[in-house]
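Using the sequences and the accompanying hints, generate a full structural model.
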Amino acid sequence: MTMLGYQNKVLRVDLTKKGATTEPLRMDWAEKYIGSKGLAIKYLYEELKPGIDPLSPDNKLLLMTGPMTGTPIPCSGKLSISAKSPATGTINDCSIGGHSALQIKYAGYDAIIFDGALKEPGYLLIEDGNVQFKDASELWGKGSHEAEATLAEKYGHDYSILSIGPAGENLVTMACINSDYYRQAGRGGIGAVMGSKKLKAIVIKGTGGVKIPNIVENTKKITEILREDTLQEDNTFIYDYGTTAFLEACSDGGILPSKNFSDATDENWTKYNGDVLLEKRVGKRGCGSCGLGCGNFLKFENATVEGPEYESIAVAGPNAGIDDPEAIVKFNQIADDMGLDTISAGDTINFAMEMTEKGVHDFGIRFGDKVKYLEYLVLMAKREGVGADLALGVKKLTEKYGGEDYALHVKGLEYPQYEPRGSWGMSLAYAVSDRGACHMRAYAPNEEVFAASIPPYTAEGKGEMVYNLGVFNAVKFSLCICDFWATLSYERMAELMTLITGREWTEQEMKEVGARVLNIARAFNQREGFDRKDDTIPKRLVNEALQSGAAAGQKIPQEAFEDMLDQYYAVLGWDKNGMIPDDMICKL
Amino acid sequence: MKITIQLRGSLTKYFQGEKVRSVEVPDDCTAEEALKTVGIDWTAIRNFGFVAVNSRRVMIYDRLKEGDELKAYPKISGG
Ligand code: SF4
Chain A
20 MTMLGYQNKV LRVDLTKKGA TTEPLRMDWA EKYIGSKGLA IKYLYEELKP GIDPLSPDNK
80 LLLMTGPMTG TPIPCSGKLS ISAKSPATGT INDCSIGGHS ALQIKYAGYD AIIFDGALKE
140 PGYLLIEDGN VQFKDASELW GKGSHEAEAT LAEKYGHDYS ILSIGPAGEN LVTMACINSD
200 YYRQAGRGGI GAVMGSKKLK AIVIKGTGGV KIPNIVENTK KITEILREDT LQEDNTFIYD
260 YGTTAFLEAC SDGGILPSKN FSDATDENWT KYNGDVLLEK RVGKRGCGSC GLGCGNFLKF
320 ENATVEGPEY ESIAVAGPNA GIDDPEAIVK FNQIADDMGL DTISAGDTIN FAMEMTEKGV
380 HDFGIRFGDK VKYLEYLVLM AKREGVGADL ALGVKKLTEK YGGEDYALHV KGLEYPQYEP
440 RGSWGMSLAY AVSDRGACHM RAYAPNEEVF AASIPPYTAE GKGEMVYNLG VFNAVKFSLC
500 ICDFWATLSY ERMAELMTLI TGREWTEQEM KEVGARVLNI ARAFNQREGF DRKDDTIPKR
560 LVNEALQSGA AAGQKIPQEA FEDMLDQYYA VLGWDKNGMI PDDMICKL
Chain B
457 MKITIQLRGS LTKYFQGEKV RSVEVPDDCT AEEALKTVGI DWTAIRNFGF VAVNSRRVMI
517 YDRLKEGDEL KAYPKISGG
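Those protein sequences? They're chains A and B, same order as listed.
Just so we're on the same page, the working numbering is the position in the first sequence counted from 1, plus 19.
Just so we're on the same page, the working numbering is the position in the second sequence counted from 1, plus 456.
Heads up, some of the hints might be wrong.
With a straight-line cut-off of 30 Å between C-alpha atoms, the simulated DSS-like cross-links for lysine-lysine are [stated by the list, open to error]:
1. Lys530(A) - Lys28(A)
2. Lys303(A) - Lys458(B)
3. Lys475(B) - Lys299(A)
4. Lys239(A) - Lys530(A)
For the record, the hints were derived by calculation from the structure and aren't laboratory data.
Right, dumping it as structure tokens:
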């Protein structure tokens with residue numbers, strides 16, 4: 020059955036041979052996985068050989084849009100960038116804002132798949148159907164911001180640019196991909212995959228459009244949805260505050276981590292809270308097609324950034340023992356420019372601070388040292404001096420120097436900044452997330468902390484809760500819709516799909532897509548050898564009770580965690596070892 | 457007993473844009489009952505989030521004491 024909204028075209032780029040071809044999108048897969056996250060994982064599941072080295076030319080880098088990309092559907096401007104992760108060895112799909120997804124679609128493609136690797140640094144210029152390989156020797160070694168500015172100057176500011184910084188070039192497995200200067204596909208070393216292909220940037224401009232059915236009538240309906248649903252106050256807090264709004268709520272909720280997750284409060288949080296940061300606001304920005312526009316430009320005397328997001332504030336603030344808002348903003352700016360994921364880079368330095376303070380290994384940095392904090396980022400991106408060690412990330416550092424008792428990661432991906440002892444379901448969400456510890460797969464605090472009558476400190480019902488959150492996000496991200504449309508429902512997603520594709524979608528089908536996406540991601544990881552033994556909880560959360568804050572006295576007993584895992588596997592129909600039965604895999 | 461009630465984000469509309477009020481509530485009342493005294497029925501507010509007492513998240517049916525600062529948040533989502 021034909022579905023509108025799609026371009027029905029994939030651009031395949033063979034970097035080794037410097038050739039580009041097009042082919043039809045697998046619409047039979049699109050029926051089952053829709054687009055973005057889900058469809059990208061399906062492609063990688065089918066096309067990647069098990070056991071490949073993620074930093075070899077055998078890995079593929081996949082840019083995937085969805086049927087809503089480039090349409091007026093609110094909050095639909097996100098691009099999925101995925102590959103096998105060099106940080107974890109799992110599947111890794113990232114979501115990046117900005118405008119690149121729209122340009123890809125307007126250039127006539129649903130997806131771009133990069134295969135092989137260039138011999139010398141290069142970048143790709145895509146202008147509709149015209150694809151050119153360009154030399155990037157002048158850009159190699161430059162920060163992501165300078166690279167983007169140089170290319171924007173050369174081609175014009177109406178081109179979208181995806182680029183890597185020195186961290187990606189140096190194959191640091193916490194390297195990100197940047198776009199619009201301050202938007203990132205951040206996690207799992209996706210930037211290192213691009214670096215391994217010697218691809219400094221992708222520059223793209225499209226001049227076409229997207230076909231949807233009954234354009235006049237449907238656009239009117241979409242505008243009504245924007246006005247009546249997206250732009251209601253449940254969602255618009257994100258315009259006013261961005262994710263800085265989470266800081267106070269997380270502090271009161273007992274889930275704001277401090278000093279490498281040794282506790283969950285920081286008495287100094289008011290020094291860098293949202294109100295303080297937003298006093299420095301000089302501008303606003305949003306992704307393409309967004310009605311909410313969460314981006315805040317802040318300008319301090321020595322630092323400018325779009326953000327910082329909650330994650331970056333928390334990791335470089337309380338979790339690092341730093342309370343200077345300008346240092347936090349500068350951290351964000353340098354990490355973006357160097358092409359480093361703020362979460363993993365920050366967590367790794369925080370871990371090193373604790374290692375130093377405990378006398379386990381001297382990394383030359385202690386909690387609160389904001390000067391070295393910023394210097395170390397650059398060293399990590401360049402793998403120089405102490406940065407060569409820190410670039411390994413928390414898991415590999417524990418293998419080298421110890422400190423496992425306070426190493427916060429799952430499958431080698433460092434912990435985001437929501438402390439699970441104050442939100443037990445989050446320990447499960449991190450453990451079973453398809454790419455290691457990620458907060459975007461199932462956001463448990465929303466259900467059990469930022470809720471008036473649900474107990475956060477129990478295992479009961481948490482398997483089903485994390486499953487439900489996971490299915491919902493899996494389908495939302497497969498539709499390429501942003502997280503901040505908080506009032507979005509299955510019913511609404513089905514309605515939007517119907518408006519865009521011209522084929523009737525139901526709520527039930529949406530739920531089925533979500534469950535299928537969870538399963539295909541798990542199937543990918545299972546094929547790579549992952550099972551229950553890898554769905555872990557860090558020792559600190561089991562052995563050490565929080566000392567202060569709303570969740571003071573809380574730790575998560577190992578049996579409670581195992582109980583949550585059992586519940587989760589059971590809802591999905593997986594076996595006790597977390598394996599998907601063969602008959603389920605056949606249907607994916 | 458006297459307590460203060462602080463509303464965050466979009467909930468401030470229930471205080472006509474004010475953030476904090478000092479209010480008299482029945483002794484030993486719950487957070488839920490305290491909010492009712494200022495006309496806020498949390499069960500009827502779709503985007504009601506959670507409550508904290510003296511900057512510590514509590515359950516809506518937890519009891520308050522003299523001088524407590526009760527804070528009510530709207531729903532927060534995303535990450
Ligand atoms: S709410 Fe923010 S992140 Fe989401 S689409 Fe809009 S600008 Fe982008």
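The hints, checked one at a time:
{"no.": "1", "hint": "Lys530(A) - Lys28(A)", "in the structure": "holds (26 Å)"}
{"no.": "2", "hint": "Lys303(A) - Lys458(B)", "in the structure": "violated (41 Å)"}
{"no.": "3", "hint": "Lys475(B) - Lys299(A)", "in the structure": "holds (22 Å)"}
{"no.": "4", "hint": "Lys239(A) - Lys530(A)", "in the structure": "holds (27 Å)"}
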